[in-house]
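Student: Below are the chains, spelled out letter by letter.
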Amino acid sequence: MNKKSKKHTLLRLIKYITSYYKVQFIIILFAIILSSVCHVYGQSFLQTLIDDYITPLIGVENPIYTDLWQAIGWMAFVYAVGVITTFLYSRLTVNVSQGVLKIIRDDMFHHMETLPIRYFDDNNHGDIMSYYINDTDALREMISQSIPNCVANGIIIIAAFIAMLFLNVYLTIVIVIGVLFMLTLARFIGKKSSKYFIARQKTVAKVNGYIEEMIDGQKVIQVFTHEDEAKKNFDILNEELFENTKNANTYANILMPVMSNIGYLIYVVIAILGGFIAIKFNLSIGVIASFLLLTRGFTMHINQLSQQYNSIALALAGANRIFELIDEKSEENNGKVTLVHAIKNEDGSLKVSSTYTGLWAWYNPDNDSLTELKGDIQLKSVDFSYVEGKKVLEDISLYAKPGQKIAFVGATGAGKTTIANLINRFYDIQDGIILYDGIDIKQINKNDLRKSLGMVLQDVNLFTGTIMENLRYGRENATDEECIEAARLANADKFIEKLPNGYDTIITDNGDNLSQGQRQLLAIARCAVSNPPVMILDEATSSIDTRTEKEVQEGMDKLMEGRTVFVIAHRLSTIRNAKAIIVLENGRIIERGNHEQLIEQKGKYYQLYTGAFELE
Amino acid sequence: MIRQIIKSVREYKNKSILTLIFITLEVFLDVLIPILTTKIIDNGINVKDINTVLTIGIILIFVSLFSLLFGWLSGKYAAVASSGFAKNLRHDMYYKIQDYSFSNIEKFSSSSLVTRLTTDVNNLQMTYQMLIRIAVRAPLMFIFSLFMVFTINSKLSLIFLVIAPILGFLLFYIANRAHPLFESVFRTYDDLNNSVQENVRGIRVVKSYVQEETEIKKFNSVSSKIYKNFMKAEKLVVLNTPIMRLCIYTSIIIISYIGSKFVIGGTLTTGELTGVITYAAQILNSLMMLSMIYVTCIISIPSMERIVEVLNETPTIRNSNKKLTEVKDGSIIFSDVSFAYTKDKNVLKNINLNIKSGEMIGIIGGIGSSKSTLVNLIPRLYDVTSGSIKIGNVDVRDYDIKSLRDSVAVVLQKNVLFSGTIADNLKWGNKEATIEDFDRVCKIACCDEFISKFPDGYDTYIDQGGTNVSGGQKQRLCIARALLKHPKIIILDDSTSAVDTKTDAIIRKSFREKIPDVTKIIIAQRISSIEDCDRVIVLDNGEISAFDTPDNLLKSNKIYQEVYYSQTKGSDLDE
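Protein chains in written order, with numbering that gives the first Met the number 0: chain A, 0 to 615; chain B, 0 to 574.
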């Protein structure tokens, strides 16, 4: 992060704070200023107390204490104000920092949900997650601690500096030189420290990677009795981590003693110089004494201020990442054509209905027309590339009439899954056109388009909640009976009923407690509940063993009945009965036809089918 | 528990003690400094005595230079000691894990072991450093400062005997109350993490079911919960600063009030009065430090518990006393073997098998029929719950584990290649293997062809998890790696599922021809992978349904028939 963007991020953050908590923010600033003034005033008043109120009374017989008591009373009052303002700003800061954090988190998530799939495909998931916790936490520390600290220290430093200038310009120059020296040294140590911290971070990643790989392969290690080598390699990395941690921490640890002791050295220099000046130029002793007191405070607070540097830099880097996410461009959704309930008039034409009728239609506001939702899909010379210049799909044309089952076959990377990504507009095509019931899908509202397409993917994602809630994911108002029926269709009912809590079993960690096959069955059932006219099954049964698959197949056949289905499958037995099988290679269609036709062709499909060719 | 952990300090004990010594010295000097800084004004400047200014100034320079030196040294040794301690902890845990059996590993799960080795150790490292640095500094500071006040004026020091306990009580009360609140914040963080993770990972599902609004609602409720819990905790914790100030200010006022009487009465100098006030701040600040250490310690207790769990786990499989190193041949006898992962839930029941050395045996059965479990018992990856297994007519438990596993090569279902070259990976089978050995086994496992196509041949680099070779290639490399061990028994646990049927058949053929004396056990989903075996075990729900030649099974066994007919030969590419 460069200086300019740091400043920019800071300003934006402050804008964020002030737009929601303007009054509180201003009160906090005032309270901080007042509390630091009280703190400093209280400290310096002590000298006044001694010089003006106590010293005159020394040796006086029957001293009159009234003035002294009044002075102490005044000091107590100042301190009381100090305590109250400290309480006030500390307490308000909690409101502001927690409140802003909540707003930022919610904004982030809200915005994240609108981002296109590309964002999630291109960014490391761990990184995205760390925005929500690590980066916002760094922000919290900055808002609740660093900023108040900086303001308080800053005020005191400025006040002390002005006071020092008034007292003696030359001595002030000496102090400034001393402080500059102190800061340069701090920077030097800080740089060293951060150099080792970066090295340490890298080794940490290396060690974590090694541990993860080895612990994951621990069973292989045992089978090959490879324990000793694993230990030896671990020790080497462990030693490296130790070296870097040691150095990084050493520099971090010595910063404090170096800074504060240099502060004392500056103090001594001023004391000696001040002493000489006082005696030689007959300067007031009081001036030098006050100056010395200020010197201590000055260096101490500079020291404290510089301690904030690291945490502020860290928080700003985090804030920058958060703003980057918030600035990420949302997925556009300009389609005007929407999905509506419809009823058929006697003459066969369609009419919009306000209630569920079982019949759906596409409503186009431009010409006020209704088209029945049937599930007719057509791709016409579609080209697509994820990265410009690297075509993943080229000149793909195909159609699926309502109720037809179309299968895609091809090696990994041939472009099968990409086609699925294009139909529901996870990605937009570069060239060509995709029609849904004759309507260009770019004109259809994305939400409605997606509602009309069911997807079952190889990697099943379930959500925390009961099995029933997961089944209902696609259609919130589905009844329990409908969900159970869908589960039966997918053959998922058997294992669900065996679970201790049946349909009320809570799923956590993406269904960690279920097998991959069981999770796939749930995903199929979930899709069945949402009841879409078009379904895309991307390796939906890959983890179900062949015996179970036979049972699932019946349910799947029932599920597919009357729907347009796109199937991507590795296992050719799954797709044998497809209306058309499309063989893809390097983003192009190389063969198409039904099973018998393709076998007869004796081409790629034939080779795959007879096992002469390996798919992966 | 603490004693168990502290053992890992070992050679860094000296450095830890040095840290303590230097910190003691540093604190001692730090306590002197305020008195010198006031003396320089009182005795020097105020009386225009430049000599005193010089003398005290020089003393102060020396004191602060030494304080700097000790601070530097203590900081350095604290860093060495704490990172050394962490290094030893990681070492001890990792070595311990190497002794774990499969069931030990499964008990923890590998992801949890990773967290314990990384995050938890890191937490303890920070706590340790904090302890050796501040746990000494704070009490010393407290005692030294109190002592200084006492020497200046014993009556004034009584003030602290009242205020310090009150402040201490308040600080620890807050820490104790806040800690559980913070724990609940961290638990809610898990929910937040979970919610984000589900959405990031499952964004395709969210979008295709158009559930963005619901997900946002769910997230908002989690983030509100964090907000509420965090507010509760922080509201309490922010009381610390005003309370600190209140106590310090109160002491200053009381000291000024009482002290001024002493000064006027002539029993205290003005310089001494300011000195006492300076020490007041130090005394009360040290209490603050103590409460901070207290909080850090309670936070790190769970980490400590998790680490101790790893260190105290007893490996379930250990060498017996006999430790036989010679495995005579590859014959295997199962007598009345039952096995349960968890008590009373037998997944294998009454298994009796007699396999001759050199036979090729197939195993089929549906998911959950315990095929893998059956073969894992042979090299003692698990121990039988009852019954016995003999190899070369000796109970497997009487062999030295290393010798046994070197003789029984299992190609696991969950194949793992490690980052490194192909040669590095193959050498897992035999460290001293030569290129000729590589060629021989790669030919049997049908790797020769694709390896020769790689420009770097055996030196081709395999990425972590073996992601840059195809599934079929990975499986074949794993078979070659196992063959390098010169095993008496080789077990393929569904290890050719991604290999095409033709190559699969070639591998089996070369098994027969090149390693005729080795007992071969093949688990497969695909009927074509086992139909040319000598005999096939049909497992059903942990029991042997039949054990016979493939021809006989096709005639008599219902399960075998069902699988056979569902897979018209060659129709299946996967599994």
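By construction, these hints were calculated from the structure, which means they are not laboratory data. No residue lacks a Cβ here, since even glycine has one placed at the ideal position from N, Cα and C. Take the hints with a grain of salt, since some may be wrong.
[To be verified] Facing chain A, according to a computed beta carbon distance under 10 Å, are these residues of chain B, among others:
| no. | residue |
| --- | --- |
| 1 | 41 |
| 2 | 68 |
| 3 | 96 |
| 4 | 97 |
| 5 | 288 |
| 6 | 392 |
| 7 | 393 |
[Claimed, not checked] Far from chain B, by Cβ distances over 12 Å, these chain A residues were calculated:
| no. | residue |
| --- | --- |
| 8 | 90 |
| 9 | 136 |
| 10 | 335 |
| 11 | 358 |
Student: Take the hints in turn and mark each one as holding or not.
Tutor: So, going through the hints one by one against the coordinates:
Here the hint on residue 41 (chain B) is kept, as its CB sits about 9 Å from the closest CB of chain A, short of 10 Å. Below 10 Å, beta-carbon pairs count as interface contacts, and residue 68 (chain B) has one with chain A at about 9 Å; its hint therefore holds. Given the 10 Å rule on beta carbons, the hint for residue 96 (chain B) holds: about 7 Å separates it from the nearest Cβ of chain A. The interface hint given for residue 97 (chain B) holds, since its Cβ lies 4 Å from the closest Cβ of chain A, which is under the 10 Å cut-off.
This hint is violated: residue 288 (chain B) has a C-beta 13 Å from the nearest C-beta of chain A, more than the 10 Å allowed. Interface restraint check: residue 392 (chain B) against chain A, minimum CB-CB distance 23 Å, threshold 10 Å, status violated. With 10 Å as the threshold, the beta carbon of residue 393 (chain B) stays out of range of chain A, its nearest partner Cβ sitting at about 18 Å, so the hint is violated. Distance check on residue 90 (chain A): its Cβ comes as close as 6 Å (rounded) to a Cβ of chain B, failing to clear the 12 Å threshold; non-interface status is violated.
At the 12 Å boundary, the C-beta of residue 136 (chain A) falls inside the reach of chain B, the nearest C-beta of that chain being 9 Å off. In this structure residue 335 (chain A) is separated from chain B by more than 12 Å, as the shortest Cβ-Cβ distance comes to about 17 Å. Separation of residue 358 (chain A) from chain B is adequate, the least Cβ-Cβ distance of about 20 Å exceeding the 12 Å criterion.
Hint check: violations occur at hints 5, 6, 7, 8, 9; the rest are consistent with the structure.
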